[in-house]
Amino acid sequence: MKRSITLLLVLLLAMGALLTACGGSADTPAEEPAPAADTSADTSADTTAEEPAAAEPAAEEVTLTIGFTASQTGKQNVSSTRQVNGLNLWMKDVNDAGGLVLSDGTVVKFTAVTYDDESNTDRVQELYTRIATEDNADFLISPYSSGLTAAAAVIAEQYGKVMITTGAASDSAYKQGYTQVYQAYTPASRYLTGAVDLLASLDPDAKKVAFVYENSKFSTSVVEAAKAYAEEQGYDVVLFEGYDPETTDFGPFINKIEDAAPDAILGGGHFQDGSTFARQINEKNIDVKFFTLLVAPPEPDFADLGDAALGVIGPSQWEPLAAFTPDSAKEAGLDWYGPLGDEFVSRYEAAYDGEEPSYHSAGGYAAGLILEKAILDADSVDPEAVHAVLENMDLLLFFGHIKFDTSPEAHGLQIGHSMVYIQWQDDGSGNLAKQVVWPMEGATADTLYPKP
Amino acid sequence: MDFLFASIIDGLLLGFVYGIAAMGLTLIWGVMNVINLAHGPIIALGMFGVYLIFTGLGVNPYIGVVLVAVLGLLLGMLIYYIAVHRVINAPHLSTLLATFSINMIIIGLGTAVFSASPRNVDFSLGSMTLGPITLLGSRVVAAVASLLITGGLYAFLYKTRQGRYIRAVANNRDAAELMGVPSTKILALSFGLGTMLASVAGALIATFFPFTILAGGVYELKSFVIGVLGGLGNPIGALFGGLILGVLEGIIPTFMPTTWVPVLEFVLFVLILLVRPQGIFGAKK
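Residue numbers (numbering that gives the first Met the number 0), protein chains in the order written: chain A, 0 to 451; chain B, 0 to 284.
To give a feel for the contact side, a few chain A residues facing chain B, derived at Cβ under 10 Å: (1) Ser70; (2) Val77; (3) Thr80; (4) Asn214; (5) Glu240; (6) Gly241; (7) Glu245; (8) Asp248; (9) Thr275; (10) Lys283; (11) Asn284.
No lab work stands behind these hints: they were computed from the structure.
Where is the CB? At the ideal position from N, CA and C, for every residue including glycine.
Could you build the full structure based on these sequences and the hints that come with them?
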């Protein structure tokens, strides 16, 4: 009996060790801070920054705690990991450069406190409460996805913590009367409207569109806005139907699509369902001229679908090809801030074994940049001063234009940033390559139309 | 009308594979009254088995399915000896918890090793168009394989000594033991066969749908519905239950939104439990 208990204990310990070892191997940069930061309390911003300089104005170092959760497990794992990689890279870049220097000589550095939210809303609420109260984070960054962010936003507002959201496009979180939450992404309501414009520019005779979308907060708000827009433009919506996030068999939809014979299919949801949908449309030889999906196509892994990816269009928050530069900022009358797109890409690839950054990665980095710029402009680490700067922020990053709605109806909603549309095309050597096809001024190739 | 017909054919082809998955669950229940809550993760392991064999070793996925079957059988026997055997005579809650622990261990290790990223066996057998219907090669092969497996299982249970032992143990374990049937080995074999069927179903599904380590859960739920539909403990009933479920999944979306499919499936589940708890095809016991 005693022996078997000992054996059981040894087994449990071994399994625990194995799990820890495997779990720790996630692709984060080497310098990533330990999960539970216990350093925040004594280095908290409010206590150190305002202290009068007694003898000499020596450079004081303040470490701000940035709190966020990562979906290390669960269905948001892929996109969330990229987003967190981007954010961690920003933090590493700032800290390696010696931190931010304020006018009084204070040096501001950052540390992260982060937990695995398991892609689960309940966990997000628990963990953000913990981050805000026990870990005393100074600023928050959202988790990935609109659903999780909506849960985190409630907590940010409740504890009066400024939160920059990224990876969260749904409009509704910004229409709850919150005052502390600021969105980096183009909101869902403007996500697919460009695709409708693109279709109109390609083929004035195309009139029938089908919307097939994931039943999630994000996708539903995107397609509802796009449907209203398409109907305004005179399109006939022949199919408008949602599917469960876990759907793997799109057979029933594809049969319905075949029956409705639309010119264009718009919709999708996240990576997994979108790539499955594209694959099955291809397998069933569905003849559709224009096929636009959310989220999945801009992901580099989408090319693994091979022929099924060819001609598929997707809106992207950011693309390495998108050329936002100090010059384009000057033309648009905006301030420029942060690294160039190329610099971000090369740093990211260097930090993560050559992995090409997706827009999720860029969004993570951009969220950090927004906070960084706000702290510099406020010339203070006081959350209220930072909040005031964010209210009036209007600048261009490598990620695009950043400006927030400050009206009470939609406070924090992103109104500056806009989407680019990519299409997977043959690069001439038989490989697939992404090309920007919309907006026209940023296009790197003509749209393949009708879809091969 | 055409698309209703196409949907029924799609549903039928999938139904065969659902049937195989459910057969695994129902066989274990029938022989040893154990509800195997590790069924879903084992289906997912089957998917990963084919994926690793195909992408890692470059072996044809259908040869991979055979290897997965063998590994599934061995894994099941191992799980039986480690987790189930000690509690086989304890109340149902103990075996439920034991198999649930296996579920958690597989999911935990699987997530750590493979992450929850979607995987895809990039293999196509092309498709063939017959009038309004497009038949996908991989689904036709999966349906044929499912029929062969059902036939094989039937032959095994009715034509071999081991099969007769299994049926004897299912019927009355004490009596079987008195007649000299090595019941522990037979129980382990039955558990192995159940997990083999689950892993083969997973392997076949992986040839046409993408998956994650969490993907087995959906098929586990379907297996429960099918098991009740066909009669828990009745492997052949499970195949018919699978076909019924597949056809329902094909037909329902043609006249209402697809989100209603699980609602109607579970209404059916409850109705069968209320009206005909032994299942449409009657359980063996």
